[in-house]
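Fit chains V and E to the supplied structure of chain A, relying on the hints for placement.
Read off the chains here:
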Amino acid sequence: MNIYQKEILLVQKPRGFHLISKEIISAIPELKMIRAGMLNVFICHTSASLTINENADPDVRTDFETHFNTMVPENTEDYLHTSEGPDDMTSHIKSSILGCSLNIPVTDGELNTGIWQGIYLCEHRNNGGRRKLILTLTGTEK
Amino acid sequence: MNIYQKEILLVQKPRGFHLISKEIISAIPELKMIRAGMLNVFICHTSASLTINENADPDVRTDFETHFNTMVPENTEDYLHTSEGPDDMTSHIKSSILGCSLNIPVTDGELNTGIWQGIYLCEHRNNGGRRKLILTLTGTEK
Amino acid sequence: MNIYQKEILLVQKPRGFHLISKEIISAIPELKMIRAGMLNVFICHTSASLTINENADPDVRTDFETHFNTMVPENTEDYLHTSEGPDDMTSHIKSSILGCSLNIPVTDGELNTGIWQGIYLCEHRNNGGRRKLILTLTGTEK
Numbered sequence: 139m140n141i142y143q144k145e146i147l148l149v150q151k152p153r154g155f156h157l158i159s160k161e162i163i164s165a166i167p168e169l170k171m172i173r174a175g176m177l178n179v180f181i182c183h184t185s186a187s188l189t190i191n192e193n194a195d196p197d198v199r200t201d202f203e204t205h206f207n208t209m210v211p212e213n214t215e216d217y218l219h220t221s222e223g224p225d226d227m228t229s230h231i232k233s234s235i236l237g238c239s240l241n242i243p244v245t246d247g248e249l250n251t252g253i254w255q256g257i258y259l260c261e262h263r264n265n266g267g268r269r270k271l272i273l274t275l276t277g278t279e280k
Numbered sequence: 139m140n141i142y143q144k145e146i147l148l149v150q151k152p153r154g155f156h157l158i159s160k161e162i163i164s165a166i167p168e169l170k171m172i173r174a175g176m177l178n179v180f181i182c183h184t185s186a187s188l189t190i191n192e193n194a195d196p197d198v199r200t201d202f203e204t205h206f207n208t209m210v211p212e213n214t215e216d217y218l219h220t221s222e223g224p225d226d227m228t229s230h231i232k233s234s235i236l237g238c239s240l241n242i243p244v245t246d247g248e249l250n251t252g253i254w255q256g257i258y259l260c261e262h263r264n265n266g267g268r269r270k271l272i273l274t275l276t277g278t279e280k
Numbered sequence: 139m140n141i142y143q144k145e146i147l148l149v150q151k152p153r154g155f156h157l158i159s160k161e162i163i164s165a166i167p168e169l170k171m172i173r174a175g176m177l178n179v180f181i182c183h184t185s186a187s188l189t190i191n192e193n194a195d196p197d198v199r200t201d202f203e204t205h206f207n208t209m210v211p212e213n214t215e216d217y218l219h220t221s222e223g224p225d226d227m228t229s230h231i232k233s234s235i236l237g238c239s240l241n242i243p244v245t246d247g248e249l250n251t252g253i254w255q256g257i258y259l260c261e262h263r264n265n266g267g268r269r270k271l272i273l274t275l276t277g278t279e280k
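Residue numbers (this note's numbering), protein chains in the order written: chain A, 139 to 280; chain V, 139 to 280; chain E, 139 to 280.
The hints are simulated quantities; they were obtained by calculation from the structure and are not laboratory data. Any given hint might turn out to be false.
Here are the simulated BS3-like pairs of lysine-lysine, each with C-alpha atoms no more than 25 Å apart in a straight line [stated by the list, open to error]:
| # | chain 1 | residue 1 | chain 2 | residue 2 |
| --- | --- | --- | --- | --- |
| 1 | V | K170 | E | K160 |
| 2 | V | K160 | V | K144 |
| 3 | A | K270 | E | K160 |
| 4 | E | K144 | E | K280 |
| 5 | A | K160 | V | K270 |
| 6 | V | K170 | V | K280 |
| 7 | A | K144 | E | K170 |
Here chain A stands alone, though its shape is the one from the complex (with noise of 0.2 Å):
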């Protein structure tokens, strides 16, 4: 089994949820050499996060951000951590709902994934800047 790890910076996304599957299989031309193996790729930060869902109507991406905004509020006196002002708390909680690390089956030089599958970078905070990954491949090549 080999291993290949890249660091790669997105370009600066607004917030809200963004398909980025293109940009990590791009950034990592490995992946065609697999045969059978497994990518990580896991975000550096606390308050964006990373998930796999439906990769083709792009209001589903916009219904997430309506629905995160809900489920974890900004307009709440419950929170403690504030300096940042009110999106940051929020963020730090909507990142750990949705994780920081995605493991991703490879096989015959592809990810492994199905039909309406897509990375989505979630970019919680309004102003996030640019956001770093590490993609880490392993697996048997061809």
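Chains V and E alone, transformed into the frame defined by chain A:
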């Protein structure tokens, strides 16, 4: 280190939370040969998910369904993505909250889980059909 | 690629969110030898969980406890699984929302996390006792 990868298709389950540890273990008999390793279970869908929780009292699985229906309610005007019915967008959201990929340590030929831990299929759709899983087992052999 | 696997037992922690990065790193000194790899941290319980979030301001951890008690409330008649007290079923649900398994990239002998990221034990029970973790480290050596 070696790697084994299998694709399995579960029988259709009704909406709700279901223990599937036995189906998974029986689908990958190579598990018994692994001294130390990792099993990844990945579901190739965006409206069902996977989690690990209590394997004994079936009331726990019923209470999961109750809680997720409250936390991600269908009776809302909030969503744009509604063409497939009220259980569609909520299923996408529940799927991302719970996740589509599990990593479980393997030790001496068995899943190294706690005594109360079982693997759940979380079927969020009213009629989800058969669900496809990819099992990826890596590790050193005995 | 090599693999190292350790079992550790944390000292008992009170209900709430606790930074445990140091306990984990010190339990697996083989980390320093890894050039590129992956550390999996798995908790063998269904009423405590693991997440990665801010390692600096302790108010963040307090706010996590506040939020999860609101999002998964104990003062409800909704649950069937109540024999172990009001903090039992809610602990199972919180555990599945946050997850029991973390995958963290390892680079040049260190966890390749962001500067603000720390590993949390999320203790959801009032008296959870000591919690068992399985650490699985895979990678190539320097």
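Hint by hint, here is what the structure shows:
no. : hint            : verdict
1   : K170/V x K160/E : violated (33 Å)
2   : K160/V x K144/V : holds (15 Å)
3   : K270/A x K160/E : holds (23 Å)
4   : K144/E x K280/E : holds (21 Å)
5   : K160/A x K270/V : holds (23 Å)
6   : K170/V x K280/V : holds (9 Å)
7   : K144/A x K170/E : holds (19 Å)
Of the numbered hints listed earlier, the single one contradicted by the structure is hint 1.
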